[in-house]
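**Student:** Sequence:
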Amino acid sequence: MGSPKKRVQYRYDSVGNRSLMIDPDGGRTTYAYDALSRLTSLVNPQGERTTYAYDAAGRRTVKKLANGTRASFTYDAASRLTTLANLKSDNTVISKFDYQYDAVGNRKSVVEADGSRVTWLYDNTYQLTGEHRTGTTPYRNTFTYDSRGNRTLKNEGGTRTTYAYDAANQLQTAKTTGGTTTYTFDANGNQQLVEAPSGDRTTNTWDYENRTTLVQLPSGIRNTMAYEPDGLRVKLEESTGTKKFIWDDRKAYLAETDANDDTTVVYTQEPILFGNLVSQRRSSTTNWYHYDAPASTRALSNSGEAVTDTFLYNATGGCLVASGTTLTPFRFVGAIGYYLNTDSQSYYVRSRTYVLAAARWSSVDPLGFVDGANLYRYVSNSYVNAQDPTGMTGKCTVKTFTTITRQGCALYDTAGTSFLPDKPGVYGARFSVYAEFATPCCNCCEIRQYTRGGIKIRIGDGQSSDSTHERREDCIRVTQKAGDFEIVRTICYGHRTGDNAPANGENPRNDKYCPDRESGCKYLSYDLPGVADMDKTLKEIAAINTTIQIEIDLIMDVEVIDVCNGDELVSALSTRIRCTGNPTNGMARVKYPKQSDDCARD
Numbered sequence: 001m002g003s004p005k006k007r008v009q010y011r012y013d014s015v016g017n018r019s020l021m022i023d024p025d026g027g028r029t030t031y032a033y034d035a036l037s038r039l040t041s042l043v044n045p046q047g048e049r050t051t052y053a054y055d056a057a058g059r060r061t062v063k064k065l066a067n068g069t070r071a072s073f074t075y076d077a078a079s080r081l082t083t084l085a086n087l088k089s090d091n092t093v094i095s096k097f098d099y100q101y102d103a104v105g106n107r108k109s110v111v112e113a114d115g116s117r118v119t120w121l122y123d124n125t126y127q128l129t130g131e132h133r134t135g136t137t138p139y140r141n142t143f144t145y146d147s148r149g150n151r152t153l154k155n156e157g158g159t160r161t162t163y164a165y166d167a168a169n170q171l172q173t174a175k176t177t178g179g180t181t182t183y184t185f186d187a188n189g190n191q192q193l194v195e196a197p198s199g200d201r202t203t204n205t206w207d208y209e210n211r212t213t214l215v216q217l218p219s220g221i222r223n224t225m226a227y228e229p230d231g232l233r234v235k236l237e238e239s240t241g242t243k244k245f246i247w248d249d250r251k252a253y254l255a256e257t258d259a260n261d262d263t264t265v266v267y268t269q270e271p272i273l274f275g276n277l278v279s280q281r282r283s284s285t286t287n288w289y290h291y292d293a294p295a296s297t298r299a300l301s302n303s304g305e306a307v308t309d310t311f312l313y314n315a316t317g318g319c320l321v322a323s324g325t326t327l328t329p330f331r332f333v334g335a336i337g338y339y340l341n342t343d344s345q346s347y348y349v350r351s352r353t354y355v356l357a358a359a360r361w362s363s364v365d366p367l368g369f370v371d372g373a374n375l376y377r378y379v380s381n382s383y384v385n386a387q388d389p390t391g392m393t394g395k396c397t398v399k400t401f402t403t404i405t406r407q408g409c410a411l412y413d414t415a416g417t418s419f420l421p422d423k424p425g426v427y428g429a430r431f432s433v434y435a436e437f438a439t440p441c442c443n444c445c446e447i448r449q450y451t452r453g454g455i456k457i458r459i460g461d462g463q464s465s466d467s468t469h470e471r472r473e474d475c476i477r478v479t480q481k482a483g484d485f486e487i488v489r490t491i492c493y494g495h496r497t498g499d500n501a502p503a504n505g506e507n508p509r510n511d512k513y514c515p516d517r518e519s520g521c522k523y524l525s526y527d528l529p530g531v532a533d534m535d536k537t538l539k540e541i542a543a544i545n546t547t548i549q550i551e552i553d554l555i556m557d558v559e560v561i562d563v564c565n566g567d568e569l570v571s572a573l574s575t576r577i578r579c580t581g582n583p584t585n586g587m588a589r590v591k592y593p594k595q596s597d598d599c600a601r602d
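Our numbering applies: residue 1 is where the sequence shown begins, and numbers increase by one.
Bear in mind the hints are in silico, worked out from the structure with no lab data behind them. Note that the Cβ used here is the ideal one computed from N, Cα and C, for glycine as well. Every clue listed holds true.
Restricting the straight-line Cα-Cα distance to at most 20 Å, the calculated cross-link-like pairs of lysine to aspartate or glutamate (DMTMM-like) are:
(1) K522 / D76
(2) K456 / D533
(3) K539 / D413
(4) K96 / E305
(5) K456 / D553
(6) K456 / E540
(7) K235 / E256
(8) K235 / D262
(9) K6 / D262
(10) K243 / D258
Cβ-Cβ distance ranges computed for the label pairs, FRET-style:
(11) G231 / T264: 19 to 25 Å
(12) G454 / A113: 43 to 49 Å
(13) Y227 / T264: 18 to 24 Å
The task is simple: from the sequences and hints, build the whole structure.
**Tutor:** Rendered as structure tokens:
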């Protein structure tokens, strides 16, 4: 996709991962993956190699850039990012961010490399109500909202701005001591006119698909835009000239050309939906990007690892510090393609425009009320914890994600447990998954769970039955035979729907989103991996006066998937369950606890 005169070609490996991209100028970017299809390296047309490493839970731990710098990631037990360090090859710190979280998973503070601290406060719906920075560039901002999520007051260091809205949540006025700015919208809910206290007017013209085609500024500058049929912007004429945009097949920026279709800048992106910007090459010079956790660009470095540019933002995207002269439109949430319109001080985000002054969208959500009744609110005013790379719906954001196991195996009674089926004796290990997601996009988050490994059953003098499980998304009906004994089990993993529906008439899915799948921001599942129907088996074993030994060695892989953004992997955990036992008719039976209907953590 992109300019009609430009063609992008792709090649894929045997499991569908992009292995090669040929850009419109013939440049070749190659990609390599591990056995779990995780990106391990990419090499762009200049031969600049980026490599990646992961921990046992599947979380990215290191991104090493071609100029020798690297990003290091550290997580807590809930897979929340606690430290992000951007370092040079000699371990000199470019930038470093140590994050802390509140009880529900909102970021509550960050300490930067120079000791500066930013603290964030929230109301009971997780809207940002306060931001306080100490150290370099100190500030204190507070925010107040009405019952519909419209910001009614902004207090920036004592400078107060009050806002008024109509019944459709359209911004009408913004008042300061310097006067009142008024806003006018068209019949489709698009911001059409902004009039400053001085009388200066900014007008926006929209097409029939509610896309901005012309912005006329008080200075006389005109910005014009053109779009592809899929809605992506492919042309921008602004004060600095004409830019045409080439996109890849993942809706990530690949390159820009001038009015004559000559390439002016090429971007290196990870091959994922919306990309993850690695570097830009402009005028034969490559610069590499260094980010904070909210995906905003905090520094650029050159081929010698020298920092050429630095940036500092407040929570809503206002740029407080910008040093250096490197041209880059990717600043606030730049990693995933928020594109700065310099003349109008707004960000183009694929489907809509985010207006910095108002900290909200300039038009209604094209998807309607999927994210709530307020069609202009940006990520439910939880600016520090979420992004919206489509401009239509937010990303799945994980607040808490953990697996819970009980050491060792036991003989369980599962009657009356709500989720698990009533089985006459199960020999296995307790295992559960707990997660919390951030509003407003909880329904974008889906848990998927897989099992791999094996279970061995040894009877009497050595008869054995081995079952092996591989990752797959459908139900697996396993029949284990050992001599005269047959044990049938069904493992139902994959997409966790939370509806407790039986699969193939056998095991229920034993999971739940609370309060329901559409609005559930909490998730809980219970499982008892092992061997069922032990009462019958033990009775038969006793009748022939022999013994049974069970060896369980399973790995439970659990993933959080963003179903709103191309099934992007958000977070992953792997837990090993390993135990060996010799259950007998005299073994004490453990009552499996009744599961919570409100997703209370086990």
